[in-house]
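Mind docking chain B on chain A? Use the hints.
These protein sequences, in sequence, are chains A and B. Quick note on my numbering: the first sequence kicks off at 1 and runs consecutively. Quick note on my numbering: the second sequence kicks off at 1 and runs consecutively.
Hints in this document: simulated from the structure, not taken from any laboratory. Worth double-checking, as some hints may not be accurate.
To be verified - Coverage of chain B stretches by chain A, computed from C-beta distances (three or more under 8 Å per stretch; other residues unrestricted):
1. 57–71
2. 109–122
3. 175–185
4. 198–208
5. 215–229
Computed from a prediction, not measured in an experiment: that's the story for all the values here. C-beta: ideal position from N, C-alpha, C; glycine also.
Chain residues, written in single-letter form:
2 protein chains.
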Amino acid sequence: MSHNETHLKSSDFISDIVIGMSDGLTVPFALAAGLSSAVQSNGLIITAGIAEIIAGSIAMGLGGYLAGRTALDHYKSELAREYQETIDFPETEKKEVKDIFEEMGLSEATQNMAVEELSKDTNKWVKFMMKYELGLEEPDKNKARKSAFNIGMSYIVGGAIPMLAYVFTSDPQSGFKFSFIVTVVCLLVFGYFKSKLTGQKPIIGALKVMAIGVIAAMSAYFLVRLFNS
Amino acid sequence: MSHNETHLKSSDFISDIVIGMSDGLTVPFALAAGLSSAVQSNGLIITAGIAEIIAGSIAMGLGGYLAGRTALDHYKSELAREYQETIDFPETEKKEVKDIFEEMGLSEATQNMAVEELSKDTNKWVKFMMKYELGLEEPDKNKARKSAFNIGMSYIVGGAIPMLAYVFTSDPQSGFKFSFIVTVVCLLVFGYFKSKLTGQKPIIGALKVMAIGVIAAMSAYFLVRLFNS
Numbered sequence: 001m002s003h004n005e006t007h008l009k010s011s012d013f014i015s016d017i018v019i020g021m022s023d024g025l026t027v028p029f030a031l032a033a034g035l036s037s038a039v040q041s042n043g044l045i046i047t048a049g050i051a052e053i054i055a056g057s058i059a060m061g062l063g064g065y066l067a068g069r070t071a072l073d074h075y076k077s078e079l080a081r082e083y084q085e086t087i088d089f090p091e092t093e094k095k096e097v098k099d100i101f102e103e104m105g106l107s108e109a110t111q112n113m114a115v116e117e118l119s120k121d122t123n124k125w126v127k128f129m130m131k132y133e134l135g136l137e138e139p140d141k142n143k144a145r146k147s148a149f150n151i152g153m154s155y156i157v158g159g160a161i162p163m164l165a166y167v168f169t170s171d172p173q174s175g176f177k178f179s180f181i182v183t184v185v186c187l188l189v190f191g192y193f194k195s196k197l198t199g200q201k202p203i204i205g206a207l208k209v210m211a212i213g214v215i216a217a218m219s220a221y222f223l224v225r226l227f228n229s
Numbered sequence: 001m002s003h004n005e006t007h008l009k010s011s012d013f014i015s016d017i018v019i020g021m022s023d024g025l026t027v028p029f030a031l032a033a034g035l036s037s038a039v040q041s042n043g044l045i046i047t048a049g050i051a052e053i054i055a056g057s058i059a060m061g062l063g064g065y066l067a068g069r070t071a072l073d074h075y076k077s078e079l080a081r082e083y084q085e086t087i088d089f090p091e092t093e094k095k096e097v098k099d100i101f102e103e104m105g106l107s108e109a110t111q112n113m114a115v116e117e118l119s120k121d122t123n124k125w126v127k128f129m130m131k132y133e134l135g136l137e138e139p140d141k142n143k144a145r146k147s148a149f150n151i152g153m154s155y156i157v158g159g160a161i162p163m164l165a166y167v168f169t170s171d172p173q174s175g176f177k178f179s180f181i182v183t184v185v186c187l188l189v190f191g192y193f194k195s196k197l198t199g200q201k202p203i204i205g206a207l208k209v210m211a212i213g214v215i216a217a218m219s220a221y222f223l224v225r226l227f228n229s
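Only chain A is shown next, with the shape it has when bound in the complex (with noise of 0.2 Å):
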């Protein structure tokens, strides 16, 4: 195992708060600068942002649980039909075993081998057709759950932070400057993290998580406008 496994190596607490945070900033930041250009009350701006902050979180964090939940009943109905297959089948599991190591590029004589290995010892041949037909590993239930959490949590705060500039200003257009100011600062910081855990250029990420967040705001802002006029 080489090189650009470095993602794996950083926890994966850190990395659902980083995940969970960046976007957190981006929605709530541009529904907060969307509105202010059509209101005239922080409060109304604040009421629609933490609304927004509950039902982005729960869309994110439930969404995530159920989608782990999901995967691992989905893993489960394939691990069983794939033994009984061996059973069923077996030539055709073989074929199909077979197939993956021609496609892998090894001579016929090296095929039949190892697919003679690998069905002498079923929970072997399950494995490998788990894996390599499939495409498919067995998902951590509690990870998927602490994932699902972190990442709820963590939107919570990355939203609550565009939103604190309205909180501390008396009008929506010092507050959009503020929050402006304090959000692009925060994506940058985010998108520079989010980049190094997931193995990508950190300068070029963070420059490109910012972009979103500020172009969805700025084209939330004169759209409303538009709407309004």
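Relative to chain A, chain B alone:
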């Protein structure tokens, strides 16, 4: 190639539409529900909804597009690196191939034959390392771009559904009631198709998608009321 690959047969276009719509239905629906417990005018809810739909569709569409570009860059740089490594460290790379065959459960003799055969052809060798060591397959640039566009546009259409109820009613309470009924029906329908397309049980999948939307909306409704009381 057998059973659970049904989802690959369904058109990517339909799949993107259904995913974008069922996600688009959730957050704008819950945002509007939250606001309906706090504001007196449908105009404000619609303005916030427009801002959210712009923000969410750009974050999802542009975010997806840039993630696709990043994946392609990452693939290309890893590919160049693997080619270089077969020149600079051929023995290390052979050992990595051998380890993968060992992990599959093949005998020492078959591992050696397989390594010998693969390393004779640099293209096959590198392709093997990309796929089986790094788990990378060449991303389709055009597909990622189209997919991001389709998901972003469907998010807009999905988001418009819960908002229309506020356009056609005169106060937030009636808006919320109609929005709730229409959106729950749509979440069930899109959740059903989403689950079918991703190879899950469609009825359970429909109920999960609906539950996420309803829990997000009810949480936003009651928590916003709590914050404002």
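Problem - Coverage assertion for the segment 215–229 of chain B with respect to chain A, Cβ distance below 8 Å, three residues required - result: holds (count 9)
Handout entry: Within 8 Å of chain A's CB atoms, at least three CB atoms from the segment 109–122 of chain B: coverage verdict
Key = holds (count 7)
Practice task
Go check the segment 175–185 of chain B versus chain A for me, would you? Three or more residues, Cβ under 8 Å, otherwise it fails.
Solution key: n = 0 at 8 Å, threshold three: violated.
Exercise for the section: Report holds or violated for chain A covering the segment 57–71 of chain B, Cβ cut-off 8 Å, minimum 3 residues. Expected result: holds (count 6)
Handout entry: Coverage criterion applied to the segment 198–208 of chain B (partner chain A; beta-carbon cut 8 Å; 3 residues)
Key = Contact hint for the segment 198–208 of chain B vs chain A: holds, 4 residues under 8 Å.
Checked against the numbered hints above, the structure violates only hint 3.
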